[in-house]
Structure formats: C-alpha cells, structure tokens
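Peer 1: Residues per chain, in single letters:
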Amino acid sequence: MKNFDVSTLAKMIDHTELKSNSGEKKIKNLCDEAKQYGFISVCVNPANVEFVTKQLEGSDVLVCSVVGFPLGMNTTEIKALEAKKAVAQGASEIDMVINVGAMRDGKHDFIREDIRQVVQASAPAHVKVILETCYLTDEEIVKSCELAVEAGAHFVKTSTGFGAFGSFEHHVRLMRKTVGPDIGVKASGGVSNFKDAMRMVDAGATRLGTSAGIVIMEGAKLFKYAPDAWLEPEIPCHTCPARSASISKLPKALYQYYTNMCLKCDYREKYNKFYE
Amino acid sequence: MNGWMNKIVKVDLSSGKQTIVSISEDVRRKFIGGRGLGLKLYTDLCSANIDALGEENAIVFSTGPLTGIIQTAGRYQVTTRSPLTNAICNSSSGGFFGAILKKTGLDALIITGKSSKPVYLEITDDSINIKDAKHIWGKNTHETMKTLKSNSSSNVSIACIGPAGENLVPYASIMNDKDRAAGRGGVGAVMGSKNLKAITANGKKEIQVDNPEKLKTMISTINTLIDKNPVTGKSLQLLGTSVLVNVVNAHGMYPTKNFQRGVFNDAEGTSGEKIAETILQGRSACFKCPIACGRKTKTSNREGEGPEYETVWAFGAQLGISDLETITEANYTCNELGLDTITAGSTIGCAMELYEKGAYPNKMEWGDSSNLVKYVEDIAYRRGVGKDLALGSKKLAEKYGRPELAMQVKGMELPAYDPRGVQGQALSYATSNRGGCHMQGYLISPEILGSPVFMDRYSIEGKAEIVALFQDISAAVDSLVLCRFLQFAISIDTFKDILNVVTGFDYSDVELLEVGTRIYNLERKYNAEAGLSRKDDMLPSRFMEEELSEGASRNRVVQLDEMLDRYYKLRGWDENGIPTAETLKSLGI
Chain A
1 MKNFDVSTLA KMIDHTELKS NSGEKKIKNL CDEAKQYGFI SVCVNPANVE FVTKQLEGSD
61 VLVCSVVGFP LGMNTTEIKA LEAKKAVAQG ASEIDMVINV GAMRDGKHDF IREDIRQVVQ
121 ASAPAHVKVI LETCYLTDEE IVKSCELAVE AGAHFVKTST GFGAFGSFEH HVRLMRKTVG
181 PDIGVKASGG VSNFKDAMRM VDAGATRLGT SAGIVIMEGA KLFKYAPDAW LEPEIPCHTC
241 PARSASISKL PKALYQYYTN MCLKCDYREK YNKFYE
Chain B
1 MNGWMNKIVK VDLSSGKQTI VSISEDVRRK FIGGRGLGLK LYTDLCSANI DALGEENAIV
61 FSTGPLTGII QTAGRYQVTT RSPLTNAICN SSSGGFFGAI LKKTGLDALI ITGKSSKPVY
121 LEITDDSINI KDAKHIWGKN THETMKTLKS NSSSNVSIAC IGPAGENLVP YASIMNDKDR
181 AAGRGGVGAV MGSKNLKAIT ANGKKEIQVD NPEKLKTMIS TINTLIDKNP VTGKSLQLLG
241 TSVLVNVVNA HGMYPTKNFQ RGVFNDAEGT SGEKIAETIL QGRSACFKCP IACGRKTKTS
301 NREGEGPEYE TVWAFGAQLG ISDLETITEA NYTCNELGLD TITAGSTIGC AMELYEKGAY
361 PNKMEWGDSS NLVKYVEDIA YRRGVGKDLA LGSKKLAEKY GRPELAMQVK GMELPAYDPR
421 GVQGQALSYA TSNRGGCHMQ GYLISPEILG SPVFMDRYSI EGKAEIVALF QDISAAVDSL
481 VLCRFLQFAI SIDTFKDILN VVTGFDYSDV ELLEVGTRIY NLERKYNAEA GLSRKDDMLP
541 SRFMEEELSE GASRNRVVQL DEMLDRYYKL RGWDENGIPT AETLKSLGI
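Here the protein sequences line up with chains A and B, keeping their order.
The working numbering numbers the first residue of the first sequence as 1 and each following residue consecutively.
The working numbering numbers the first residue of the second sequence as 1 and each following residue consecutively.
A portion of the hints provided could be inaccurate.
As the list claims (entries may be wrong) - Derived contacts from chain B toward chain A, CB cut-off under 8 Å, selection only:
1. 224
2. 229
3. 449
4. 453
5. 455
6. 491
7. 494
Claimed, not checked - The calculated lysine-lysine pairs, modelled on PhoX-like cross-linking and capped at a C-alpha distance of 25 Å, are:
8. B/228 to A/221
9. A/35 to B/216
10. B/228 to A/35
11. B/288 to A/54
12. B/298 to B/146
13. B/374 to B/298
14. A/54 to A/25
15. B/288 to A/25
16. A/221 to B/214
17. A/26 to B/216
18. B/363 to B/387
19. A/224 to B/228
20. B/146 to B/17
21. B/399 to B/374
The hints are simulated quantities; they were obtained by calculation from the structure and are not laboratory data.
Don't be surprised by glycine CBs; every beta carbon is placed ideally from N, CA and C.
My request is simple: use the sequences and hints to build the entire structure.
Peer 2: What follows is the structure, given as structure tokens:
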C-alpha cells in the first residue's frame, strides 16, 4: 500500500449523490466537481440521469445510474426497464441491487436471472451488481459473486450505503478472490477518507463509490509528507465488519453470525476489550 | 506589492517615537506574515533574558498576505514573551480587527517601551496617534470598545485589554470585536505593562491581488471544501465547538476534576446539543467565514457570545460543575474582564484539588458553582482568593507545595483533552513551544475526528512524524493568518495555491511547509536561549503514572519518552530538545 499512487485515485471514484433530498443545484455541483477533479463517473438516482447527462456533455466523466435502489426488491422487469431507460438517457454504467431476501433464501436461479436481464437491458452499458454485503454471510457473498459473473455482470459492488453498514476490507478481499482479476470490484459505503480508499484498493477494489470524493482527494495531498506514518495500521477490530454489527440494524441471525465471528477471532482478547 | 501592504511600523511608547521598519524580500519570503513575520520581528528586537512585563519586552501585532481577502482572514497574530510561561508566545484572534488593521496600510505593528500614563493607539490610513486613555482605564472590554467606538466611524475595529490586563494577570487576554480573544499566554498583561489600553484601527486601503480572476475560483473552491468536510460543513456550523463535549466524553478523555477522571457524568448537560436547546440565540461569524462557529447566547441575566468548547470544559467538567448558565456567565465575565478562560478555569480546578488534598486553606469544592463568577472577578482584580488564583496553576501549586497538581506544560494550562487517551496529542502538548496548548498541533483531528484519516489513538507509532507535520503546517497557516478550522478541510498544497494567486509568488508546497518548520525552529531556539529544554517538554506526572480508572481510555498512560526521542531526532534537535547548528543553518536561521 505504501507504493500506492495517490494521483490514480480520482479515476477510481464514482462521485455519488443518492439521497432523496438532493435537488438539481446539488446534482449540478456534483457534476461540476467531477469534471474539476477528474472523477471517473457521477453516480445518481434514475430521476437525475437525464439532467446529469446534459451537465456532463463534452466531458469524459461517465454517467452512472442506480437501479432497483436501494432495496433491490423491485421485480426483475421493472429493474430491467429502469436500466434500459437510464441507458437511453445517457448512462453508461448501471449499479443494480440484487434481491437480498431471495439470496438469503438461496434462490440462486432467480438471482442469476435477475442480474442477467438487467445486464441484457443495459447493454452496452456496464453493470455493477450491489450485493449489500452487510446482510449476507461470507458464504452468501461468495455465491452472489459467482452468480453475478455467470450472469455477465462487469462489476460486483459491496453496498448501497443505506444498509446496516458499508464496505469492509474483509468483504472486498473476499469478492476479489471470488471474481478473479477480470471483473471489477467496487467498494462503496463508508469510504470517507484516503486511508479508507487506499485500504479498499489494497484489498482489491478497482472502483470506489463515495460522496466524500473531494474530502478524500484533498486529504490525500497530505499523504506524501509522511506516507509511512499515515499508513500505520489501525487495530484490526477497527476495520472488521463484526465490530459494526448492530443488533438494532441487523436481523437476529446475521447479528449472531457477526458476533460469533468476533468471538472466534484471535484479535479479540488482544485488542477489543480495550478499544471502545 | 500584492498581498502585503509593505509597511511595518515600530511605536516606542517610552519616547512616542515611530519608526518604519524595513525587511528584505528574502525575510518576507521566509517568514511570510502573521506568526512567522511577528516572530522574526520580535526575535530581532528582544533577547531571551528580558522580563516579559518589563519595558524592554516588545509586542508585535501582525497580519498576513491573505488577511482581509479570503474566508476567515480577519485574524491577527500577537507575538511576545509570555508572562505566564516566560517562553515565546504567539496568540491569535478572529473577528475583523486583523483585516481592518491591515487596511490602514500595515503588515505589522511593533510596540516597545512603556508609556508613563495609560494610552491607546489610534490607527488610520494616514497616521498612528498615541492618545490619552485616562477615560477608559479601569473599564471592562465591552465598555472600552463602546466608548472608543462612540467617537469613531462605524468601520473602526478595536483590540483592547480589560482590568485583568491592567492588573498584569499573567493570563490576561486581548479582546477585539467585542468577544473575540487573543486568549492564551498573557498577551493582555504585556499590553497592560506598557500602559497600553487599546488599539483602534480604521483602515480603508485597497489590498492588491496578483490574479483576481483566479482568486474568485479559489474562494469558490475553499467554500466547496469547507462545505464538503464533515467537521467544517456540518458539526461546527450546527453545534459550534462544543459539539466536542459528548464526543470527547464518549472517548473517556474529557478531563474531569483537574484531570483526575476522564468521564464527566453531567457532560450532556453542558454539551453543544444542550446549548442549542437552551441558551442559544444565533450563530456568529468572523470575516467572510461560512462556518460561523460562534454562538450568540443568553442566560437569565445576561447575554453575549459563547461559551466555546474549551470554556465549557474549563468552568464545567474541570471543576465538576454542570450548571450551564453559570458556566456561560463565567465566560461572559472573562470576556469582559479580559481573561483566558482555559487558564482561569484550570487554575481554579487546581485550587479545588489542592483543597481536596488538604494543601490549600481556602474552601473551594468540586461542583460548587455559587462562587464561580466571583472567582473570575477576583482574579482580574487580584483581590481575595483571586490573589492566589491570578498566579496561574503552576505557581499556585508550587506555592502550596504540590507542584504535581498543576495540569500545565511550560506553565501554560492544558486544554480539554486528557492526553492519556491520545498519545499523539500528548506529544504535541509536551513539545508545544508556547506551552500546554492544542493549537500548535491538533492531533485530535486524526486521533479522534478521523481527519484527514483515523490514526490509532493509543499507538505511538508514526506519531512523532504526524506531530511534527501538524506543528509545521499550523505554523505555516498561522503565517498566512487563517483560522485553524480551515485545516480540517484544506491541505497545505491548496493553501500554497491561494498564497500564490494572491501574492504572485511561486511558493511550492514544500517551501510553504518549510516556512512552518523554520518558524517552529526559531521559536525553539528562542526558548532554548531562555533556558528551556527537554525538562520543559514534560507533562504532569499524573499522565505518565496514573491510569484512568473508567471509560473508554481506562488503563492508559502516556508513553512520552519513547515518542520524544523519536521526535527530537526527526526534528534535527539534540537529546535535550535543542535545534542543532546544522538544523538551524539548513533552515536559514
């Protein structure tokens, strides 16, 4: 990670604004910032795609639209239609959310088909498949990645940013290992500073979804003055999904899954009892 | 000359003589303005063996090339020898005074000597007049500003001292624009020692900018960066600096009862959230500042500004007091009488622990807010219990035989973060050139707030490097004379871009950072000549020997020696913390 080139960060960032209360002024600023900082894309809700396409006209910043967002619980037909419309309006990247409940139920054929139809409807745009990793076990994450690859997706992506927690190095590493080198991995949700960004890239992410792109780029300018010091490792518990598992936000089974992960971890005795 | 006004004036109050002071282009480039320029001018004039309150001490008011131009740049820096620490002291204040002082045509004002009677300086575009201050001597800061304003145009901005400064309390502040303070280190007492009550500035001169078009873009970029940063774009705007109360308390490092505990059970009742629910009347902003962290407040009896986070703590948790109204009124009183709230509160806390331990005769008990405002008044007028409390905690604790109970570094009281919960901040406290302060290297930023990234707050690895980096960046930004809060959102590279757009110079980021390094080393050199060394880069023994017993920072002590060795080596200082000849030469000192 110490050899990481900060200057390549901008071209990995999907400059993102997905809140329901974001009006045109905010979206226009988002586009202006993306052009100024050279981010790879602007990622917005479908209702903003046409507007964003106009704002980015003449620039090399791509338009990215989410689909079936943020719950992934629309029918496959609606997701495909939503994707098709977004591409027609100028989107060249589609970030779709899988039906997480179906995945948890083990309905693998349904998930594969859900993704395949969106990939088909989106062509020639690239499709990133949002797994919402916070609601899946490691085994389910691996299976979701395999299904996404089988369905022709171009990327797998960790999170919507609206779930119980965002992306963790642990999940990104698992996803990269599963999909291999030819499929993209996007880390999104909770990537809020340059160390987060570098940690995700180190784990295998090739794309970062964040609304903190500017903060990350400005902070990254400090990296060169003391690279070794900035990259001093944090204690593993700080970057472990088990530590973010909240009983109020996760289903009981998943909360127990993460609690068990923590209980079995060798670091627990060494670190966790002292760090709050 | 773009950015600078190219004029520095020395006023000798003993003779009344005024002299234009010239500096070379090289000195300007190496020290820029504000803290750097003030330091250079000061150390050229004053040796390290003078009395801080003597006629031979000088006090420098300096602005920077960005002053009066961009967001937050209404500030000024004061440089002198501190009567509290006997070390070099720079103290900075927000508001508008710096911008208006610069618009009179001055980059810096040096004041030497001592007037035979109370005076104030009236500075306009054309002249500096020494005027009789008989009618305002003895008045508090608000009354002083009101009186002087009543005889001037509406554009005038005033910096003045209150009774604390007149009475040479070694932690008296200089107040400007009503409630903005150059608070730390006793700069107000230095003004008082010269019989200088106030400075009025009324400037309207234009400040030239090298590239006005690019400047517009830069100003817009700064606004974006401020808005996008979670600290400057949200927390400080909504809840002011007291947003930190609950955050720091949750980390178990909110100093309580003179740093005996790290958790204050009543923190919620004095938090930024509680201020917003109860006494808040509105926000206030310094020069062109979009953050507007200032709080306009009102109690049952009075109204004013603040309290800030450090003050909420100093008159609250530090004393075991949770009565927000009384804390707020003690803050108002400090502003009016011209006192540093941190040292005032912390010294009272020291007295309370001395009393608790049976070492102090005057009954002062934890949590008793009934006499708090009276204590503050007594300090400013050096009467009753205030005679002792006006000494500051170091001399107070020494006087009563328990020096270890003063929570200070180099004689300056520590602010509101227990260093046992933040190893980097501990090192920053210890090595701060002006004493126990958080402003010279705010490691809370990465260790607690995650800005620019999170660092493990308990680890000592990499902390020497980041402390030195933050101290140098802060010194560089202080030479531009901008608000410290901008450092959350803006990198030194971007500060360099702004500086170049305004001045037309071609600073590189490395060169600007080196200005900070130069400042830090020249300050250290002055302190070394004053007799300070490794023994003074020391925290109270409590932090190395007593673990906190509860909260999220429990079972921790500061590992200072290990960090200090690494830090000195990195700095190019000897094992005593003194810059080597080679280091000074490499920095052109």
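Peer 1: Please list, smallest to largest, the hint numbers that this structure does not respect.
Peer 2: 3, 11, 20
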